[in-house]
Amino acid sequence: MNFDVIVTGRTGGGRLLLTTITVLCLTIMYAPVLYLLLASLNPDVQLGLVPPSRFSLTWYFALLEDRRLARALEESALVGLATAALATPIGLSAALAYRAMTRMRGIFLLVVISAMLVPGTIEGIGLSAILRALGLAPSWVTITIGHLLWTLPFAAVVSLIGLSAVRPSTIAAARDLGAGPMRAFVDITLPLMRGNLISSFIFAFLLSLNEHARAYYLVGRQNTLPLYMFGAMNSGASPTIYAFSGAVIVISGAVVAVVFAGLAGQPSAGRYERPPRPAD
Amino acid sequence: VGARWRPVTFFLALPSLVVFVGLGFIPLVLTATWSFQTFDPDTYWIKPAWSLASYAALLESGRATVFLRTAGLAALTTTVCTLLAVPAATVVGLLSGPRRAALLLALFTLPFFTSGLVRAFAWRLVLGRQGIINNALMSLGIVQTPVEWLLFSDFAVVLGMVAAYLPFAIIPIVLAFARIEHSVIRASQDLGAGFWTMFSTIVLPLVMPGIVAGFLFVFVVAVGTSMEIQLLGGAGASSISIMITDVLRVVNFPLAFAIATVVVTLLIVLIIVANRALRLSRLFESLGI
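As you go down the protein sequences, you meet chains R and Z in turn. Oh and the first sequence: position 133 is 127 in the numbering used here, straight run, nothing missing. Just add 762 to wherever you are in the second sequence, counting from 1, and you've got the numbering used here.
Please note that a few of the clues may not be correct.
[To be verified] Here are some chain R residues the structure puts well away from chain Z; computed CB gaps all over 10 Å: (1) R4; (2) L30; (3) V44; (4) R61; (5) A123; (6) A127; (7) P175; (8) L201; (9) Y236; (10) A251.
[What the hints assert, rightly or not] Okay, the calculated bits of chain Z under chain R, using three or more residues with CB under 8 Å as the criterion: (11) 790 to 804; (12) 826 to 833; (13) 886 to 895.
Simulated from the structure, these hints should not be mistaken for lab results. Even glycine gets a Cβ: it sits at the ideal position worked out from N, Cα and C.
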């Protein structure tokens, strides 16, 4: 996607109105979480903001003592890594299949998109019923299975976008020079898609890390992080809740920001670009 | 599976089809089947005795009300999201240079990968009795006692859902903007159309598929969620997902499956109709895929 300023000049108040609404959108998306971050730096038990001179990481250090939180985090990290390790290659193969398809591309894409839209609770009870009927006891494995279904559509779309950066003519050139299909894939396609594959892995990991509805039905004895957090949020407000909410937001926000920055700065080698205009 | 698919294509598609069909579709079909069977108190599971009892129970004890309330809150959320998303997507698609467009898109997408729980929970700090809004209103002397309906109310639920699901409305419209030929807009301006004439007669019809797709995405996600209602809703507030959880707590599997089946059937009909009307998959062509 390439965007450019299309409308310049007078807009009859349109620019002002539309920009104001955009700022409003960003405000409701970000302001509550930013406020929570600031409130989490309050060293008192009393809720609310304190002047920056009194900011303290007291409650963040208190988190380190919380054994149940640590175990939930371990469980979530395990599930997230397993999910991402499965979703990334399967998403890539789905993207390659889509590229190679001559018929039914629309249906294939619709299946991928629809999978994003099934409510988590319903996917969760359906899967837990099946796994139960198959005799598979709930554990990190069952959550991973549920999270694979949840993250795969996103992994596939990120791979598809990456694949679009690989020009068919580049592959054709490699093939003309005698590379087999496998060699062309490993030496040309994979390196060109490296950034997207890394993003795909990280996005799948984060989506899994923060997923709650499916995990609720698939969890074994050990809670995942969102399940633990949900319990803590609904059982009286201890200031540590704000600290671990803050930690979760800062870490996942920072990771995504790094990924976005990496994707934006990716060299567009092989990307379809107009040839430069000859100088006048 | 098309007869003209080459074997390589088939093997490449196989893993994802196993996941989508095996883990997604088959469980839905089986739960739909089980919803027509009977609960077995001996095994705490289901026995193969066909019955419509679960569907009859759907109409009992206010369950229809929960369906309607969930759909109503989702529709309200979706309407607000769409009214906010069209202007926001227009800023990205018409009024921004490449750098600002990329930055805005990143800002609109980023929250999606952070914890929805935390984002919903954060509203408690803003809307609560001692939240920023009540504190501000009281210190300005506008109200004497905290405004109670801000939190643990439908207002809080809709606000939380709007903030959470705006990206689902904005991104499809941005994708639709990427498909607009710039020359069309320049031509309308050359012919003397003002901004609003151009916006309503050229831009809106061209991005309509994106608007409807975004509407659909937000509605579907808002129908399925329970987090915002559990964290921000009033006492006794319910939704379809919460009802399913409650029914499962008393291990009434067939009824839970019946609720799920009704929801999934309605959602599938909605997606198919929208796809027929708008060719949703076309939107993704803007991504170059």
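The hints, checked one at a time:
| no. | hint | result |
| --- | --- | --- |
| 1 | R4 | 7 Å, violated |
| 2 | L30 | 4 Å, violated |
| 3 | V44 | 14 Å, holds |
| 4 | R61 | 21 Å, holds |
| 5 | A123 | 6 Å, violated |
| 6 | A127 | 8 Å, violated |
| 7 | P175 | 8 Å, violated |
| 8 | L201 | 7 Å, violated |
| 9 | Y236 | 8 Å, violated |
| 10 | A251 | 7 Å, violated |
| 11 | 790 to 804 | holds (count 4) |
| 12 | 826 to 833 | violated (count 0) |
| 13 | 886 to 895 | holds (count 4) |
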